[in-house]
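Line by line, the protein sequences are chains U and R. Positions 1 to 166 (this note's numbering) are the ones given, in order, by the first sequence. Positions 1 to 166 (this note's numbering) are the ones given, in order, by the second sequence.
Bear in mind the hints are in silico, worked out from the structure with no lab data behind them. The reader is advised that the hints may include incorrect statements.
Since copy identity is lost for identical chains, a pair holds within one copy or between any two.
Stated by the list, open to error - For lysine-lysine, the following DSSO-like pairs were computed, each having C-alpha atoms within a straight-line distance of at most 27 Å:
{"no.": "1", "residue 1": "Lys-28", "residue 2": "Lys-60"}
{"no.": "2", "residue 1": "Lys-25", "residue 2": "Lys-60"}
{"no.": "3", "residue 1": "Lys-28", "residue 2": "Lys-79"}
{"no.": "4", "residue 1": "Lys-25", "residue 2": "Lys-107"}
{"no.": "5", "residue 1": "Lys-149", "residue 2": "Lys-21"}
{"no.": "6", "residue 1": "Lys-89", "residue 2": "Lys-160"}
{"no.": "7", "residue 1": "Lys-21", "residue 2": "Lys-107"}
{"no.": "8", "residue 1": "Lys-79", "residue 2": "Lys-25"}
{"no.": "9", "residue 1": "Lys-79", "residue 2": "Lys-149"}
Protein chains: 2
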Amino acid sequence: MIKAALSIFLVLAAMSSAFGKYIPKSGKRVPQTLSRGWGDQLIWAQTYEEGLYWSRSRGKPLMVLFHLENCPHSQALKKVIADDYNIQKMLDEDFIVLNLMYETTDKHLSPDGEYVPRILFVDPSMTVRADLNGPYSNRLYTYETGDLKHLKRNMETAKKLLKTEL
Amino acid sequence: MIKAALSIFLVLAAMSSAFGKYIPKSGKRVPQTLSRGWGDQLIWAQTYEEGLYWSRSRGKPLMVLFHLENCPHSQALKKVIADDYNIQKMLDEDFIVLNLMYETTDKHLSPDGEYVPRILFVDPSMTVRADLNGPYSNRLYTYETGDLKHLKRNMETAKKLLKTEL
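Between the sequences and the hints, there should be enough to build the whole structure, so can you do that?
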């Protein structure tokens, strides 16, 4: 009951604080999130430079997800990754995460071309881990919804090799 | 009344859909927004590459805001810019917007050094408008809370020159 009352209060507070502020002609927009649906509880890097900086300074591998909002394969993969408790926990605790809808200028992030969905791992030494690929030989860094086990194995390798190398 | 009921329903729906999902040990986090408080109603580019692409393809100048969350000058400037109806409207309708907490690799975005807050305009031709600066000779691209008129004048110039040049 207290929770419900608090919720109503928060909603009303949000409505009143918006008074007098700019609202687009097309109507009020929901603010974009950095997660873009890939895991609202994770702390996302905004840019590749930021991701590399965090990866180096915290000694954690960086996982870069390339995707597009109008690509059904990206959307399907996003749903299973966002809903997988273990992947989310591992990403939160052991990885730096970045999701991008536009390519960077670093060609190392597209070893076999630019396509989505595409997942690349980068070592804290700033080496792109081209050796960690998915199960498809035509597009090495793509994953489908049934490939989460494969993805988890790659995540484990990204973590383990790091420790061995240091 | 209907609005209030709808709000409660949405809050409850949001609570129930979160059930079973990953929650960090430190507690549930508020998802990060791309606006980071500089204008929740604006459509923000995520990266410089994305901002340049939108700027070119839509023929609108790009405004890049460099800031830091632990910098009181950035925070103060953010508040007055987010609350200024006319600036928000102009940014929404006539500009591509990008706010960054990490530097890019493009040195043209730091003509007189890397500091925050710092505002640079980029023409759709991808030319950084080093001629559009604030009122301070020691840090050419910074603005303080009292400088919104100066900033608006620069925004108008960024718009006008573009039309003249094309």
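A quick look at each hint next to the structure:
Taking identical chains as interchangeable, the C-alpha atoms of Lys-28 and Lys-60 lie at most 27 Å apart only when they sit on different chains, with a minimum of 22 Å there against 38 Å within one chain. In the homo-oligomer, the alpha carbons of Lys-25 and Lys-60 lie at most 27 Å apart only across protomers (19 Å), although the nearest pairing inside one protomer, at 44 Å, exceeds that limit. In this homomeric assembly, Lys-28 and Lys-79 come within 27 Å of each other (Cα to Cα) both inside a single copy, at 26 Å, and across copies, at 19 Å. Taking the shortest alpha-carbon separations for Lys-25 and Lys-107, neither the intra-copy value of 40 Å nor the inter-copy value of 37 Å comes in at or below 27 Å.
Taking the shortest Cα distances, Lys-149 and Lys-21 sit within 27 Å of each other only across copies (18 Å), while inside one copy they are farther apart (47 Å). For the homomeric pair Lys-89 and Lys-160, the shortest alpha-carbon distance inside one copy (17 Å) is at most 27 Å, but the shortest distance between copies (50 Å) is not. In this homomeric assembly, Lys-21 and Lys-107 never come within 27 Å of each other (Cα to Cα): the closest approach is 42 Å inside a single copy and 35 Å across copies. Within a single copy, Lys-79 and Lys-25 get their C-alpha atoms only as close as 32 Å, which misses the 27 Å cut-off; across copies the closest is 22 Å, which meets it.
Taking the closest pair of Cα atoms, Lys-79 and Lys-149 come within 27 Å of each other only inside a single copy of the chain (15 Å); across copies the shortest separation is 45 Å, beyond that limit.
Hint compliance for this structure: hints 4, 7 are broken, all remaining hints hold.
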